[in-house]
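*Asks:* What follows is each chain in one-letter form.
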Amino acid sequence: MCGIAGLIHRGSSGDIGAEMTTMLQALKHRGPDSTGFAIYGLPAGSDHVMRFKVAEQEDLASGFEIHGQIRERKAEVESRIRSMDVEIVGEEEATQYAFRYRLRFPADDDGGQARIKRFADYIEDVEGAEILSLGRALELIKDLGDAGVVSTQYGLAGFQGTHAIGHTRMATESDVDIRSAHPYWAYPFNDISVVHNGQLTNYWKFRRALEHRGHRFMSNCDSELIAVYLADRIERGDVLQDAMERSVSELDGVFTYLVATADSLGMAKDTMAAKPMVLYEAEDFVGLASEEVAIRGVMPDEIDTWDPYEGEVKVWQN
Amino acid sequence: MAELSPADRHKSHDLGLHAEQLSGRTQQVFFSPEEGDNYTYPEGFDVDFTKKAEIDAAEMDGPQVNLRIRELMGEGYGHIVVKNPLAKHSLGVGILNRLKLDFEGSLGYFGCGLIDGPNVHIQGRVGWSCAENMMAGVVVIEKNAGSTFGAALRGGDLVCKGDVGSRTGIDMKGGTIIVGGRAGAFTGFMMQRGRIVILGDAGINLGDSLYDGTIFVGGTIASLGVDAVPGEITDVEAGWLEKKLATYGLKAPRGVENLTKIVAGKQLWNYDNLEPSEKKIAL
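Protein sequence lines, in the order shown, are assigned to chains D and S. Take the first sequence: its position 284, counting from 1, is numbered 284 in the numbering used here, and each next residue is one higher. Take the second sequence: its position 107, counting from 1, is numbered 1107 in the numbering used here, and each next residue is one higher.
For reference, chain S alone in the conformation it holds in the complex:
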């Protein structure tokens, strides 16, 4: 990744973007949407966003739909519309390419998992584990989402305009999750990096065993998990929140300055291999 200037480093730190300042083997930022070179996956497709194709998934199973998406990208299509997804599982997974992908309906489990780069819009709902392990790109869901939404997310923006289930952002390692409505129990469980923004209420044990990262909540919090503590929103964060929410047509009900910020109390063991001094103290 590009070296940050001291000023940018400071700004980044205020945003809680610790990952961007770290250079250890496990903390590298592998991808940035600003860096065109990062799209050069082996056998990547050179797609044209003005070329549009449709897939009717009504009579197809998940692997058939995914293979058809891949075939269309190979033919240069940069905009693919999937009709009648009918909540089938594992649709839109493993796409390591720039692509505009629209689902006209709902997805089942594991939709859009393991993706790096596409811009996905889902008109319906998604089941468990949507966008698990997403590296980069954008996934926007118009309705609700099931549990483990954005599990182990590493980068990109994952947006659900409705409610999400329990364990949202579990084991999250980067990127941003935005929830327009309510989030279930154990949201942010063992979160390690990144940001979760919940505009509605949060369920019990929010941020339980949080290593790092930041959670913002617009509504009530049923209870905080172990080692999750309130923090103060900085001006930089407020600006970032305002801009990020506006990008997706969302707004904090009582203004971003009134969101509740939750961070790690760091009383638990923190697996940050780039903070050896803290480890030594602990040992």
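Isolated chain D, as found in the complex:
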């Protein structure tokens, strides 16, 4: 079933960590397997934030050796970062296997997509390493458990930012692990993430085509395809709204998805409107969720909400 939610403060910021936790906790019944957050903080200069993991949560139960392997993998990641002339200016250990690094690329480095892709590919070549997000605003957190568990584990309460999307997952077509949890970073594009509720029926057709174009997939989850599809369209020159409108006509199946960029939040619904989405839209705040009860968690007063219609695409700017 899965639940998705999004919010954006327009022209301001707020405690998006706590707000998204409240919204996703209200959707727990739609997907108890894992919870994920893509939260957009206040950019701190030109530094990049990289969230990555070097093992799955379930790996910890596989024996004592995994702890040594995690240390070795983390050391190798750090070695490779430095070998690419990138400085680690901040380091936090979110869990035993997931980390948050603040990175400073060389001053003469434009941080373009090609550079980011080379960097990401080199890091992910380390066994067990997966970059969950890399950007100036985006931080992507996902793990097993409900929103309260994940939020506490990663210290999200009090996270100030402008917008966020999130997901509660009921696994249907791939494993219960972090790799298959949403959101997905639209690798290798800075700050683009996607959450999705639904099923794509032409997944393999598009995956093969996108792989031929050089994109990589980290899971067999159809939701990842949307992130890669949008990244590909943006790479070809589409603006976000156009890429999303094209996706509604090209991707088959029943779906509603949310996408976020450094300064925008967007939603798209399939042409049969088969998957739910409730929208609250005001001048200073927009909230969306699979169920209104999630929006009510952060907007308890009486508000006007409605369902976007079939084939509808909407984008809001911060």
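What the hints contain is simulated information worked out from the structure, not anything from laboratory work. In this text, all values refer to a predicted model and were calculated from it rather than measured experimentally. There could be a bad hint or two in this list.
[Said to hold, decoys possible] Only pairs whose alpha carbons sit at most 35 Å apart, straight line, appear in this in silico DSBU-like list of lysine-lysine: (1) LYS1243(S) - LYS1051(S); (2) LYS1100(S) - LYS1161(S); (3) LYS1261(S) - LYS314(D); (4) LYS28(D) - LYS1161(S); (5) LYS1243(S) - LYS1261(S); (6) LYS1266(S) - LYS1244(S); (7) LYS314(D) - LYS1251(S); (8) LYS1243(S) - LYS1083(S); (9) LYS314(D) - LYS1083(S); (10) LYS1261(S) - LYS1100(S); (11) LYS1244(S) - LYS1052(S); (12) LYS1083(S) - LYS28(D); (13) LYS28(D) - LYS1100(S); (14) LYS1083(S) - LYS1244(S); (15) LYS1261(S) - LYS1161(S); (16) LYS1251(S) - LYS1266(S); (17) LYS1261(S) - LYS1244(S); (18) LYS1100(S) - LYS1083(S); (19) LYS1083(S) - LYS1161(S); (20) LYS1100(S) - LYS1052(S); (21) LYS314(D) - LYS1161(S).
[To be verified] Counterexamples of contact, computed for chain D against chain S with all Cβ distances above 12 Å: (22) SER13; (23) ASP47; (24) ILE66; (25) ARG73; (26) ARG179; (27) ALA282.
Every residue gets a Cβ at the ideal spot worked out from N, C-alpha and C, and that includes glycine.
We have chain D; now place chain S onto it with these hints.
*Replies:* Just chain S now, kept in the frame of chain D:
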């Protein structure tokens, strides 16, 4: 049900109320608001509409609210006001009793499903599948509604003064759905009986795979579904529409005579066990 006079039968047929003329096992009318006897459900409550009670649902979950409604009916309260419903799911379900029930706010999924008899007023919005399988009574929503509004409705009036989502009236088997605004895709999908009145625009595939029943649209229709065809509004229907809309303070933007009527072309297989002659022809 009471036997209709030949004149009434004719009138009923003009209204598209085929169900009322049929007597087969699956097509019986089980309930009529005019027949007091129909309120005699086992363990039904004898309520007094002048006795009013309030429930603050802010700190309660759905089952707790529904149990409290039942307790209050047991104490004879005929008018119950639910404050702070906060879009919680499955509120006001399974009420098989006469009752005036007001929600001061919005409901989540499956609100007022499986009801038979109450008169419900909702000040806010409702989520998916509001009044699913309603047998009789009235549900009025002041704002918008989600998808599958009135799914498998069997009787009563279900009114949304705002917009409704896709698949409104899917599998509808009787009763009336009125939409003050716009309706989404596949409205009236596999509808079998009853009437849907949309005063605004209708989305794609209106009345797709319609078995029977009638749809009236005041605005534009994005597209008709398979086997949905235009019909002509009769004088009896125009009178009925005028009266029914006025009951809920609604009006067709360009007059009821300018509503577009959609009926089944009956080119598809029609599961009407009371039309055996047609079945024989098909076979």
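*Asks:* For each hint, tell me whether it holds in the structure or not.
*Replies:* Quick rundown of the hints versus the structure:
1. LYS1243(S) - LYS1051(S): OK: LYS1243(S) and LYS1051(S) at ~30 Å, within 35 Å.
2. LYS1100(S) - LYS1161(S): Holds, at about 19 Å.
3. LYS1261(S) - LYS314(D): Roughly 32 Å separates the two Cα atoms, so the pair holds.
4. LYS28(D) - LYS1161(S): Between LYS28(D) and LYS1161(S) the Cα gap is close to 31 Å, so the pair holds against 35 Å.
5. LYS1243(S) - LYS1261(S): holds (17 Å)
6. LYS1266(S) - LYS1244(S): OK: LYS1266(S) and LYS1244(S) at ~27 Å, within 35 Å.
7. LYS314(D) - LYS1251(S): holds (31 Å)
8. LYS1243(S) - LYS1083(S): holds (32 Å)
9. LYS314(D) - LYS1083(S): Given pair LYS314(D), LYS1083(S) holds - Cα atoms ~33 Å apart, limit 35 Å.
10. LYS1261(S) - LYS1100(S): holds (33 Å)
11. LYS1244(S) - LYS1052(S): holds (28 Å)
12. LYS1083(S) - LYS28(D): Roughly 24 Å between the alpha carbons, so the hint for LYS1083(S) and LYS28(D) holds.
13. LYS28(D) - LYS1100(S): holds (33 Å)
14. LYS1083(S) - LYS1244(S): holds (29 Å)
15. LYS1261(S) - LYS1161(S): holds (20 Å)
16. LYS1251(S) - LYS1266(S): This hinted pair holds, its Cα atoms lying about 30 Å apart.
17. LYS1261(S) - LYS1244(S): Holds - the C-alpha atoms of LYS1244(S) and LYS1261(S) are around 16 Å apart, at most 35 Å.
18. LYS1100(S) - LYS1083(S): Holds, because 14 Å separates the two Cα atoms, which is no more than 35 Å.
19. LYS1083(S) - LYS1161(S): At roughly 20 Å apart (the allowed maximum being 35 Å), LYS1161(S) and LYS1083(S) satisfy the hint.
20. LYS1100(S) - LYS1052(S): Holds. LYS1100(S) to LYS1052(S) sits at ~9 Å (cutoff 35 Å).
21. LYS314(D) - LYS1161(S): Since the Cα atoms of LYS314(D) and LYS1161(S) sit roughly 24 Å apart, the hinted pair holds (cutoff 35 Å).
22. SER13: holds (26 Å)
23. ASP47: holds (40 Å)
24. ILE66: holds (41 Å)
25. ARG73: holds (44 Å)
26. ARG179: Given that every Cβ of chain S is farther than 12 Å from that of ARG179(D), nearest at about 31 Å, it holds.
27. ALA282: holds (15 Å)
This entry satisfies every hint, going by the numbered hints stated previously.
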